[in-house]
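*Asks:* Respectively, the protein sequence lines represent chains A and B. Going by this note's numbering, 50 is the number at position 50 of the first sequence; the sequence numbering is gapless. Add 1000 to the 1-based position in the second sequence for this note's numbering, that's all there is to it.
Incorrect hints may appear among the rest.
Reference listing, derived: stretches of chain B covered by chain A, where coverage requires no fewer than 3 residues with Cβ under 8 Å from a Cβ of chain A [said to hold, decoys possible]: (1) 1044-1050; (2) 1195-1206.
With a straight-line Cα cutoff of 30 Å, these simulated BS3-like cross-link-like pairs (lysine-lysine) come out [as the list claims (entries may be wrong)]: (3) A:K98 with B:K1103; (4) B:K1186 with B:K1103; (5) B:K1150 with B:K1241; (6) B:K1199 with B:K1184; (7) B:K1186 with A:K98; (8) B:K1241 with A:K98; (9) B:K1199 with B:K1241; (10) B:K1186 with B:K1199.
Keep in mind that the hints were calculated from the coordinates and are not lab data. Glycine included, each C-beta is placed from N, C-alpha and C at the ideal position.
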Amino acid sequence: MDISNYLYLSVILFTIGALGVLIRRNAIVIFMCIELMLNASNLALVTFSRINGNLDGQVASFFTMVVAACEVVVGLAIIVTIYRSRRSASVDDASLLKN
Amino acid sequence: MTLFHLALQVGRTATPEAVQFWLLAPIAVIAALGILVVKKAIHAALLMAWVMVTLAIFYIAEDALFLGIVQIVVYTGAVMMLFLFILMLVGVDSTESLGETIKGQRIPSILIAVGLLGLVVSLLGRATITQPAVGLATANADGNVQGIAKLLFTEYVWAFEVVSALLITAALGAMVLAHSQQTKSKFAQRDLSIARFRKSSLGGAAGLPTSGVFARHNAVDVPALLPDGTPAPTSISQTLKARGDMITSDGFALESIEEQED
């Protein structure tokens, strides 16, 4: 097996995450799909780190994890705030600005 | 010239790693696809946790021991726990209808995703990596954690500081967002009493009549009799009425008692 298979797996997972963001409507599931995309990019970074033989990719991957953790904290707080005022976690229901 | 150069050759892995990859990667892809189709958010969370554990195994197989452990501790431990916590908070039973709100949005979405996949795979195929894969044996000579620490606290120390500021900001932001200030006082007994007297009629000002017929059937399941002999429907609990656990007070009305005595 070639090492580049990890890169292809990463691309597939990233695409699935992007598709999930496009077609799912529950805000929490959309958030999970964003996490999936971040994880997929982490896998690519780790694989490139292995290909190039230095640890810079792993450090970048580590920073991605920290940013993802921040994003989850703030995003879930926003979801809870929206849920508290609108009693729904669906992104279609937050349409006050539509008309 | 072919459209897709699928075979990017960078270096072979050992056979055990290949076996592990071909065992786990399809399951990870299937689990990721499952996130797209399951109805309940809690099932999506479990599938997501599985994908994350698989990725952690891949990290460890790719000589990224530290990241593998961090992946399990931070992602499957903390982040997914946070997701499950929020799911419990907003109602675990809520199922999402998978029908589309915007007409004809799904097909273009799938086409865009397939296009993205083709684009990046083709890009990977065209990429030129001049030397074969080096491997991390020399970089990890002092240990993976030591190697990352050396980079993190020398070359990337400024990024590290900025990220710490970001973490603090995120924590503060979450606290500000989740904090709810009570803008009006609670509806207490005093407000209830005032509201009763502000109604158009003072009929209910003294409260609802109590249930039961005095000295004959003094129970909660029988409506009280008004002075004119008719039963008062407001005297009985709505719950009992809905359950059908009430009896009529006709048998205790004055005329029927006189009939019984005759």
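*Asks:* Each hint: holds or not?
*Replies:* Comparing the hints with the structure gives:
no., hint, verdict
1, 1044-1050, "holds (count 3)"
2, 1195-1206, "violated (count 0)"
3, A:K98 with B:K1103, "17 Å, holds"
4, B:K1186 with B:K1103, "44 Å, violated"
5, B:K1150 with B:K1241, "74 Å, violated"
6, B:K1199 with B:K1184, "22 Å, holds"
7, B:K1186 with A:K98, "33 Å, violated"
8, B:K1241 with A:K98, "44 Å, violated"
9, B:K1199 with B:K1241, "25 Å, holds"
10, B:K1186 with B:K1199, "20 Å, holds"
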